[in-house]
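Protein chains in written order, with the working numbering: chain A, 1 to 111; chain B, 1 to 114.
Where hints are given, some of them may not hold.
A partial selection of chain B residues facing chain A, derived with a Cβ cut-off under 7 Å [claimed, not checked]:
id	residue
1	P34
2	K37
3	K42
4	P44
5	L46
6	D49
7	G55
8	F104
It should be emphasised that the hints constitute simulated quantities derived from the structure, not laboratory data. The model shown is predicted, which means the values in this text are computed figures rather than measured ones. C-beta atoms are modelled at their ideal positions from N, C-alpha and C, and glycine is treated no differently.
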Amino acid sequence: ETGVTQTPRHLVMGMTNKKSLKCEQHLGHNAMYWYKQSAKKPLELMFVYNFKEQTENNSVPSRFSPECPNSSHLFLHLHTLQPEDSALYLCASSHLGDGYTFGSGTRLTVV
Amino acid sequence: GENVEQHPSTLSVQEGDSAVIKCTYSDSASNYFPWYKQELGKGPQLIIDIRSNVGEKKDQRIAVTLNKTAKHFSLHITETQPEDSAVYFCAASESGAGSYQLTFGKGTKLSVIP
């Protein structure tokens, strides 16, 4: 257990479904991140939240919608996804932009 | 923006040998360089990091070196063991300047052969 908990660990959803990924940290970190990890690609930064405020949105399609209700919780709401969105979605947190602590990820399969 | 190149993409070594993974970065303002290890089914875990005010850092069998002039940094694992088999990622950022974004390399899959 790293201190960053992601649920669910695995998710299979149809292209018309709506689902949410959850991330929780109790490390006292002030920044939280969503990353996408696909086979043979670098880790792709999706969103950054600093003290609950979104500071980065790396041209992510609107079918991905983040939510950060407080500095300990981060959600990624998913709707009308495509098969190419299948990947491992990683949440991370950090203090003042230093070393990240990652969760174990949610393995998403879009069918 | 920052660009991080990592080599090799795959590396196989005999148990007990050393392994070296190299990364280069493009932004001279970057001053924080962490390394992550990702085992199958898990998220990346920070194993060692170095800041630009030092040239080398060691932690038991793991060491990282940094050459700021050449803008490259390396991970050295000595006396490799089968449990060192994993994917390793380097990263770079301008820590403390309000930037909260790490830029990652593409990863190196290390296999330690017993």
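Hint-by-hint comparison with the structure:
For B/P34, the interface hint holds, the least distance from its beta-carbon to any beta-carbon of chain A being 5 Å, beneath 7 Å. Taken as an interface hint, B/K37 does not check out: its beta carbon lies about 11 Å from the nearest beta carbon of chain A, beyond 7 Å. Hint status for B/K42 relative to chain A: holds, with the closest Cβ pair at about 5 Å, below 7 Å. For B/P44, the shortest C-beta to C-beta distance to chain A is roughly 5 Å, which falls under 7 Å, so the interface hint holds.
Because the beta carbon of B/L46 sits about 5 Å from the nearest beta carbon in chain A, less than 7 Å, this interface hint is met. Given hint, B/D49 at the interface with chain A, holds; its Cβ is 5 Å from that chain's nearest Cβ, closer than 7 Å. Look at B/G55: its Cβ only gets to about 19 Å from chain A, farther than 7 Å, so that hint breaks. For B/F104, the suggested interface contact is upheld, since its CB lies about 4 Å from the closest CB of chain A, less than 7 Å.
The structure fails to meet hints 2, 7 from the earlier list, while all remaining hints are met.
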